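The task is simple: from the sequences and hints, build the whole structure.
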Amino acid sequence: MTYSSPSRWVNPNHHDDLARIFDEPRNSEARHAHVLKVSETAHTRLREDAEKILQEALLREETERILAEKRREQDRLLAEQKLAEEHQRLNELRKKKIEIPPLLPEPKPGVAPVVNGNFKPAPSQTTPTTANIGQPSVNPFGKPPFQAVAAAPAAQATAIPNKQPTEPAKPPVLGINALLNGNLTTNGAVPAIATPKPVPTPPTSAPQTDRYSQIHKNLKILRKSMMEQAKVNRALKERMGDMRREIRKSVGQLTGGAPGVNKTQQQKIVTLLREALSNRVDSQPMDPSNFVLKPRNPMEGTLHNQATLPSLFLYLLNVFSKAVISQFINEASARPETADPVGVCVAAAFSEPDFLWRGESLIDILLAKFRIVCPVLFGYRGSEKTEQGRQRLGWWKDGGHWIPDQQHMDRMTGLGAGFAAISLRNFTKSKKENPYPARNYWAAMVKIVRTPPSEISNTQCVVLKAMIQNYEAKFIDAFGNAAVAALRAALIQFPAKAPEKSAAVNSLHVLAQVLKRDTGLNLG
Amino acid sequence: MADLASRITKPAEEPAASNTVPEDSIEGANSVGLVESSYDVEVKLADLQNDTDSPLYSVTSFDQLGLPSQINDGLLAMNFKKPSKIQEKALPLMISNPPTNMIAQSQSGTGKTAAFVLTVLSRVDFTKPEQPQALLLAPSRELARQIQGVIQTVGQFCDNLKVEAAIPGAVSREFGVKASIVVGTPGTVMDLVRRRQFDVSQLKVLVIDEADNMLDQQGLGEQCVRVKGMLPKTIQILLFSATFPDKVYNFAKKFAPNANEIKLRHQELTVKGISQMYMDCPDEGKKYDILCKLYGLMTIGSSVIFVRTRESANEIQRRMEEDGHKVSALHGAFEGANRDALLDDFRSGRSKVLITTNVLARGIDVSSVSMVINYDIPMKGAGDREPDSETYLHRIGRTGRFGRVGVSISFVYDKKSFDALSYIANFYGIDLIQLSPDDWDETEKKVQDVIKSSRARPEYAPNALGN
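As given, the protein sequences belong to chains A and B, one line each in that order. Position 355 of the first sequence, counted from 1, bears residue number 355 in this note's numbering, the numbering being contiguous throughout. Position 140 of the second sequence, counted from 1, bears residue number 140 in this note's numbering, the numbering being contiguous throughout.
FYI, nobody ran anything at the bench for these hints, they're computed from the structure. Some hints here could point you the wrong way.
[To be verified] Pairs of lysine-lysine, BS3-like flavour, derived with a Cα cap of 30 Å:
no., chain 1, residue 1, chain 2, residue 2
1, B, Lys293, A, Lys263
2, B, Lys446, A, Lys220
3, B, Lys81, A, Lys397
Note that the structure is a prediction, hence the values are computed from the model and not measured.
Given below as structure tokens:
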């Protein structure tokens with residue numbers, strides 16, 4: 001145990017000192033010094049070993065971290081690739097759709113663009129500026145917000161050489177004048193009112209539609225990201241669910257009646273959104289460009305100019321929009337008049353000055369949802385007798401089956417009324433800016449009314465009826481005589497040119513009768 | 001080694017073996033689904049049955065019924081595009097000549113009212129607007145007024161349409177009934193006839209809505225029989241209800257002899273479009289708070305809450321108003337015009353929550369009602385001993401109108417309420433889904449899933465839609 005027989009491990013010839021030391025009594029100073037030295041060496045070696053191991057461990061961790069990151073990157077790439085494939089498929093789908101019109105007897109230059117109604121390369125040029133601004137924000141979308149827009153048309157442009165039709169396609173909206181002029185011969189005052197309003201829409205109308213689909217996809221990613229964040233952010237998890245349910249409840253509590261009856265509910269929604277904007281629960285910042293129609297640059301003198309907003313705020317706007325759409329589908333479908341107070345609330349919330357981003361509202365989040373559930377408002381057409389046609393009309397599927405007729409028409413009724421409730425708000429007495437002015441209502445109506453007779457669908461008739469009924473007065477307020485002419489086009493001429501006089505078509509005639517009886521408005 | 005290997009493989013085998021057990025039970029659940037009969041309405045023909053030439057056609061559009069164009073326009077204005085199954089089956093039988101009696105049963109919210117209203121409108125001669133030609137009886141003033149409203153809406157394009165409600169306080173004492181169509185409660189109608197203020201000599205149609213209830217109850221049943229005794233013998237009698245217990249059915253057949261019959265088995269009575277759930281409340285005191293939380297779980301249009309007592313109705317009203325809801329509470333403490341006003345608020349959407357005792361379990365149709373809550377489970381008999389299955393059915397039938405999506409949630413908090421609900425669920429063969437108030441994120445998800453899956457059922461309310 002002790003150094004009782006030193007000769008066994010030290011060579012006395014080479015270590016005289018040691019020999020001497022060992023010859024000395026056990027407790028000599030030299031012996032102690034030596035033992036001390038030995039143990040010190042051992043200690044140092046041990047320490048060095050430990051340090052080395054630590055280094056190695058750190059290194060290993062670092063490698064793992066890098067590996068994990070790599071994996072994440074790979075996942076992201078995979079997701080991107082998937083998205084790209086989806087786009088590819090979408091494009092191919094579109095290609096197919098575009099090939100259909102030529103087969104039909106009449107050549108319809110107006111149709112292809114509507115079907116095709118997608119992005120033009122122009123907006124993509126501005127992309128880099130917006131996309132590059134986003135620095136520390138999370139970007140679960142895999143690519144800069146507008147890159148997708150840029151990529152798709154590029155792919156398509158090569159696939160369909162005559163991309164040009166999109167450009168001449170814009171005139172359809174302008175074309176409302178032609179349509180109106182037919183009726184306007186008696187109505188000299190009209191053009192003055194009619195022209196300035198619809199004009200602003202044409203350049204945007206075509207690219208709008210598919211950008212909305214992209215926004216809709218991005219919103220799904222946003223929702224997933226929130227669920228992920230909630231897993232690691234306790235404070236967020238605790239608040240998010242309650243906020244979501246509060247908003248849904250408040251939207252459900254809105255009622256018709258005297259002005260001001262919904263003040264409490266409206267305030268509650270705004271308060272919740274404001275809480276999300278303050279980001280006390282520390283949700284990740286996110287680039288709002290992912291959720292807007294057109295790239296936005298910082299604007300001087302506006303409140304939120306930064307490249308990001310709290311993701312919780314964007315998510316709650318999404319929740320609010322979803323609640324609104326759902327209220328239209330579930331309630332206004334049965335009683336269209338219930339859409340109106342919801343429309344008021346939408347306009348109030350989205351126009352709230354501190355909810356604007358770079359000087360404009362974030363209402364595109366809601367419109368993206370509209371585009372998915374009620375495409376005919378955005379100029380999409382289709383036959384109710386074909387799978388593809390139904391898809392393009394927004395005919396819902398449940399459990400793999402198309403929902404029944406009546407249910408679909410109910411939905412369209414609610415959504416048509418809801419669209420009018422949002423787009424026909426009067427902001428003339430308000431200091432705030434209208435997030436979705438009436439020209440959008442006009443544009444939507446034009447897109448339906450201009451449908452070639454052979455392509456008129458019941459869905460369009462139902463939506464058209466719902467967006468007019470109870471809103472004729474507001475429509476006329478906004479557009480004067482032009483609105484009367486448009487109503488004539490929608491309720492008299494449009495059903496007259498429909499080849500099949502279905503119940504839905506006839507109900508437009510009946511609405512004209514009701515208007516005559518109840519308001520004295522004689523459309524002829 | 002071999003020993004170790006056996007120890008490793010064994011546990012793996014065990015779960016594999018135990019997996020088959022749940023699979024079996026899943027199959028069991030599926031087979032229950034398969035046993036559920038489809039929704040076809042049975043049509044039993046009285047006289048027409050032997051007539052091979054009889055046009056036993058099924059109409060697929062209102063046009064094909066050959067209704068006057070004004071009535072058709074009224075339907076279009078109401079967004080009615082296609083007849084429901086009960087309308088498709090019953091209407092041709094009811095409007096054909098010579099007039100034949102009809103006893104018709106169909107689930108709540110499938111268009112019974114419109115079916116008899118169309119029959120009545122097609123039988124009335126509008127050139128005699130003040131001569132009573134059709135009489136419709138309902139068990140409550142609310143229901144009578146509602147039917148009156150439906151007639152006026154469907155008939156909005158009919159010139160000279162006059163509909164009067166024969167309910168307490170509505171008919172002029174001086175002039176009596178001066179309308180071609182009269183909707184009323186039996187007691188008031190009887191009084192008017194006796195006082196010679198209601199000329200019944202030219203009545204062509206008698207409709208009794210909620211017929212089982214009308215013919216069953218001691219007072220009402222007697223009154224109905226008396227009223228019938230005062231009417232022309234040739235009158236066409238139409239009896240309608242969602243429920244027809246057997247003993248009432250036999251009586252109904254005597255009341256309306258030689259009738260065509262449309263009847264359902266009781267397993268077919270619940271509407272598939274209504275997702276039925278129950279909330280497991282820890283104790284009675286927690287029910288208020290839980291109630292308020294429900295409104296965040298899903299999108300709700302209007303809702304009806306059924307309670308046992310006036311006191312709890314008032315308390316719930318107070319709490320819900322605090323929570324931002326606009327509420328009407330309607331119970332026996334209110335009468336006449338007050339009740340009308342409260343219900344009108346709810347109908348028009350000025351209030352979206354209706355709290356009520358049993359008064360309104362039957363017939364009231366507000367199309368946007370998307371949730372019904374049984375705050376207390378319906379009971380009947382002395383001391384509320386017995387679960388009341390019929391009332392349960394009529395209550396939940398206030399939602400899911402005409403093929404729409406509806407939700408019903410029943411509150412359970414002790415053994416008695418749990419047993420009562422289980423009894424009702426067994427009676428109709430329904431699977432009630434349990435909800436718990438512990439984790440609202442979870443409950444929200446569950447509710448959303450339930451609503452989705454009930455919509456996705458292939459046989460989802462096809463009867464209401466005729467397809």
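Here is what the structure says about each hint:
no., hint, in the structure
1, B:Lys293 x A:Lys263, "holds, 21 Å"
2, B:Lys446 x A:Lys220, "holds, 20 Å"
3, B:Lys81 x A:Lys397, "holds, 21 Å"
Hint compliance for this structure: no hint is broken.
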